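**Q** Protein chains in written order, with the working numbering: chain A, 4 to 364; chain B, 18 to 284.
None of these hints come from the bench; they were simulated from the model.
Source: prediction; values computed, not measured.
Incorrect hints may have been included.
[Stated by the list, open to error] Within a straight-line C-alpha distance of at most 25 angstroms, the following computed DMTMM-like cross-link-like pairs (lysine to aspartate or glutamate) qualify:
id: 1; chain 1: A; residue 1: Lys99; chain 2: A; residue 2: Glu127
id: 2; chain 1: A; residue 1: Lys214; chain 2: A; residue 2: Glu64
id: 3; chain 1: A; residue 1: Lys99; chain 2: B; residue 2: Glu70
id: 4; chain 1: A; residue 1: Lys25; chain 2: A; residue 2: Asp62
id: 5; chain 1: A; residue 1: Lys76; chain 2: B; residue 2: Glu21
id: 6; chain 1: A; residue 1: Lys99; chain 2: B; residue 2: Glu21
id: 7; chain 1: B; residue 1: Lys115; chain 2: A; residue 2: Asp62
id: 8; chain 1: A; residue 1: Lys106; chain 2: B; residue 2: Asp177
id: 9; chain 1: A; residue 1: Lys106; chain 2: A; residue 2: Glu121
id: 10; chain 1: A; residue 1: Lys106; chain 2: B; residue 2: Glu191
[Claimed, not checked] Simulated restraints on C-beta separations:
id: 11; chain 1: A; residue 1: Glu133; chain 2: B; residue 2: Ser20; range: 50 to 56 angstroms
id: 12; chain 1: A; residue 1: Arg108; chain 2: B; residue 2: Phe112; range: 57 to 63 angstroms
id: 13; chain 1: A; residue 1: Asp28; chain 2: B; residue 2: Arg109; range: 56 to 62 angstroms
id: 14; chain 1: A; residue 1: Glu156; chain 2: B; residue 2: Ile260; range: 52 to 58 angstroms
For glycine and all other residues, C-beta sits at the position ideal for the given N, C-alpha and C.
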Amino acid sequence: MAEPLVVFERVVKRFGEFAAVKDLDLEINEGEFLAIMGPSGCGKTTTLRMLAGLEQPSDGEIRLAGRRMNDVKPSERDTPMVWQTLALFPFLNVVKNVEFGLKMRGLDAPARNAKAMEWLKRLEIAEFAERDIAQLSGGQRQRVALARALVTEPQILLLDEPLSALDAHLVIRMQGVLTRLQRELGITFVYVTHSQSEAFAMADRVVIMAKGEVEQVGVPRAIYREPVNRFVAEFVGRNNILTGEVTGCDAGTVTVQSEVGPCIAPLPDNRSVAVGDRLDLVVSADVVTVSATAIEMDNVVACSLISEEFVGSVVTLFLETDGGAELKAQLQQRDIENLDTRSGTRLFLSWQRSSVHVLPQ
Amino acid sequence: MSSERAIAWFLRAYVGLVFCFVFAPIVSSFIFSFNSDRFPTIPLGEFTLHWYETIYNDPDVWDALRVSVISAVSVSLIATFIGFCTAYTDYRYRFFGKNAYLALALLPPTIPLVIMGLAMLAWLSRIGMSGHLYSIMIAHVVLCTPFAMAVIRLRLAQMDPSLEAAAWNLGAGEWRTMREVILPFTAPAIVSALCLTAAVSFDEFAVAWFVSGLNKTIPVIILEVLQGQVDPQINAIGTFVFITSMTLVVIAQVLLMTRQRKGVPGG
């Protein structure tokens, strides 16, 4: 079987004493949209910069299309990047910016102009070809940066938080542009972001990094529903994480004495569990049911409402059990229209055992 | 409210007075250069171009102008080149002793000119290089390079650090990036450094006086005329020198201002 397009093999990057990336093993397939996500300082941008040749790995090996890249100069890599600051050349107009990569490859002026105009049309900014960069809006600049990076038709495109400076509604539009482009071109996109919604909305696979190490790699659904450890569970989504000792263990279920009382969960198939073990359970905020009276479910917890966060169609309720543990519930606004949502109201949170995810570590 | 207005008027008057104080000698020199009387007295005599004719017909003045122009042009080219290299080194690299490097590079203008001139004379004559046209150039390059470096360094500081990496990323090697990105980006600062260093070299007296020998520059010839006889010729030469330097400085300033409006994309 052919090797994946990009392979990071035990890659380490140290800045002095500080290890920004530790023993990174990562494979990126041809034609996939991979998002690398993590809090700031997790090493995601360093990883991307190593792939572009802007940082040299301290140890390990990076291969692109089977070729060792460690000592290849950035200018000889063909790994164009869309920068967080966009890094458009302010002294060149739009079309000259887009032509830059072609000019470096020695294409003559008419050929590169034709090619650049083709990409400007594709990104729907052909009418701004002769404008100065300073005269463009944020969204238009974004498109120029994309055109400039893609004009040489590379195998892989690197994107370093390119949407972080845009307004929310423009982010959604540019996400559409990016996913469409990636499908049409069929090339690999490596997208670094700290935004969960951007990563989940666009990526085929998501890499979660923390403190220079990969915590989890998987499709967005798996990252969201089956986090592998506490860090991912806390970083992704709105999860309730319950911890406690196993008190019972039979017929495919475990009972854990957690901070909200006994909680019934499915027996994990990837680890053995015995009475007395400590387990972390993830109950996603969007799998719980909220009701004014107790209902028939595997797990029912009585709480009082503390506060409500309303962001349009989705509402998050913050609740507290009698023992003082905090829980979150995320619901559609119409689902709670006939609930009393004043602070202090007694409510019941319920969930089935099948909705509980047991952290494997 | 009225006291605020009073303060505003007072401040305006104050600024006006400062400008008067600074420009009065230059303006009076300008006016008396067209005055027929031999001594600067009021009321003025008749309007005349006589003093300009005198200097126009004086071969010494022409020699001095030739020396001044040759040294100003070569000094500005050499100083701007060295200044650019120094500024780029500072922008691009981190190395041990960088602060000392910067302090040394910016030091020459802080040395009193008389000391600098004396030291230059002592050093250049010891190695047998004093009294030539190139002696003035060497001394002025030392004096002017820090100005060129400061102006270009300021411009480089406004550059998005990703810009250079973006050029590499798009397939430009280091020299190509220098030509296609760094030089175009710093071009306004380079031109203004050229003007500024030319103006400094053109005006500079003390160092030139020490090292020039028989190759007198314009400021040196002014002093000699002044020592010989007090004569409105001085006003005529002074006006000429003032207009030349001001033109260069104004060009430099205009370039500095346009680059602030353009170049750095907002938003």
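**Q** Next step is simple, just say for each hint if it's right about the structure.
**A** To see whether the hints hold, each was checked on the structure:
Pair hint Lys99 (chain A) plus Glu127 (chain A) holds up; C-alpha atoms about 16 angstroms apart against a cutoff of 25 angstroms. The straight-line distance between the Cα atoms of Lys214 (chain A) and Glu64 (chain A) is roughly 20 angstroms, inside the 25 angstroms bound, and the hint therefore holds. Straight-line distance between C-alpha atoms of Lys99 (chain A) and Glu70 (chain B) comes to about 53 angstroms, which puts the hinted pair past the 25 angstroms bound. With a C-alpha separation of about 9 angstroms, the suggested pair Lys25 (chain A) and Asp62 (chain A) falls inside the 25 angstroms cut-off, and the hint holds.
About 63 angstroms separates the Cα atoms of Lys76 (chain A) and Glu21 (chain B), which puts this hinted pair outside 25 angstroms; it is violated. A hinted pair counts as satisfied when its Cα atoms are at most 25 angstroms apart, and Lys99 (chain A) with Glu21 (chain B) does not qualify at roughly 53 angstroms. This hinted pair does not check out: Lys115 (chain B) and Asp62 (chain A) have alpha carbons roughly 28 angstroms apart, beyond 25 angstroms. Distance hint between Lys106 (chain A) and Asp177 (chain B) is fulfilled; the C-alpha atoms sit about 22 angstroms from each other, no more than 25 angstroms.
Proposed proximity of Lys106 (chain A) and Glu121 (chain A) is supported: the alpha carbons are some 16 angstroms apart, at most 25 angstroms. For a cut-off of 25 angstroms, the pair hint linking Lys106 (chain A) to Glu191 (chain B) stands: about 15 angstroms separates their Cα positions. At about 54 angstroms, the beta-carbon gap between Glu133 (chain A) and Ser20 (chain B) stays in the expected band of 50 to 56 angstroms. With their beta carbons about 33 angstroms apart, Arg108 (chain A) and Phe112 (chain B) fall outside the hinted range of 57 to 63 angstroms.
For Asp28 (chain A) paired with Arg109 (chain B), a C-beta distance near 33 angstroms fails the hint of 56 to 62 angstroms. Restraint check, Glu156 (chain A) to Ile260 (chain B): a C-beta distance of roughly 57 angstroms satisfies the suggested window 52 to 58 angstroms.
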